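Peer 1: Sequence:
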Amino acid sequence: MPEVDGPPGWTPERREAFLQFHRRRSLNPDTATETAWTIQVGGTIVGAARLHPVHRGRSVEIEARVWVARWARGRGIGKWVTETLIDAAREGNGGRYVASTSTDNKAAQRLMKSVGANIELRGDDVDSHLDI
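Residue numbering for the sequence shown follows the working numbering, beginning at 1185 and increasing consecutively.
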């Protein structure tokens, strides 16, 4: 999402820019590049997930992004969401599932290893790849 001028935090302008950015990327049929979902537990939204196909020659990589609220972590939600996203990527004929995180996010790295992904360190970033 592009930067929005103003004070830190969720200002009305930043919230509107966030909504417009994601609506363009997922809801508008002329500009959609990804599919996005909310993550709900017991009727409460605890995060969001999205898949974005990237064409690499003849193959397609499916890039995943997952965010779970800090207070909702450690309950298996990330594992369930990751497995669901991998299944969706397979159904969409993706050739490779890709997720990135920071070197500090050990839980995400463990999660990706637990589903069989290969982990690659790149400076402060960690990329995980899973052939699907």
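Note that these hints are calculated values from the structure, not bench results. Keep in mind that this is a model prediction, so the values were computed, not measured. Watch out, some of these pointers could steer you wrong.
What the hints assert, rightly or not - Distance ranges between label pairs, derived from CB positions:
(1) Val1244 with Trp1264: 38 to 48 Å
(2) Arg1274 with Gly1190: 18 to 28 Å
(3) Gly1300 with Asn1277: 31 to 41 Å
(4) Arg1274 with Asp1311: 28 to 38 Å
(5) Thr1195 with His1239: 15 to 25 Å
(6) Ser1298 with Arg1249: 33 to 43 Å
(7) Val1244 with Arg1208: 30 to 40 Å
(8) Asp1308 with Ser1243: 19 to 29 Å
(9) Asp1214 with Lys1297: 31 to 41 Å
Glycine is no exception: its CB is placed at the ideal position from the N, C-alpha and C atoms.
Peer 1: For every hint, state whether the structure bears it out.
Peer 2: Evaluated hints:
For Val1244 and Trp1264, the Cβ-Cβ distance of about 24 Å falls outside the hinted range of 38 to 48 Å, so the restraint is violated. In this structure the supplied range 18 to 28 Å is violated for Arg1274 paired with Gly1190, their Cβ-Cβ distance being about 41 Å. The hinted window of 31 to 41 Å between Gly1300 and Asn1277 is violated, with their beta carbons roughly 19 Å apart. Our hint of 28 to 38 Å for Arg1274 and Asp1311 is violated, since their Cβ atoms are close to 19 Å apart.
Taken as a hint, the range 15 to 25 Å is violated for the pair Thr1195 and His1239, whose Cβ atoms sit roughly 36 Å apart. Distance hint for Ser1298 and Arg1249: a CB-CB separation of about 18 Å, inconsistent with the stated range 33 to 43 Å. Against the hinted window of 30 to 40 Å, the Cβ-Cβ separation of Val1244 and Arg1208 comes to about 21 Å, which falls outside the hint. With their beta carbons about 27 Å apart, Asp1308 and Ser1243 fall inside the hinted range of 19 to 29 Å.
Checked against the given bound of 31 to 41 Å, the beta carbons of Asp1214 and Lys1297, roughly 39 Å apart, stay inside it.
When the structure is compared with the earlier hints, violations turn up for hints 1, 2, 3, 4, 5, 6 and 7 and for no others.
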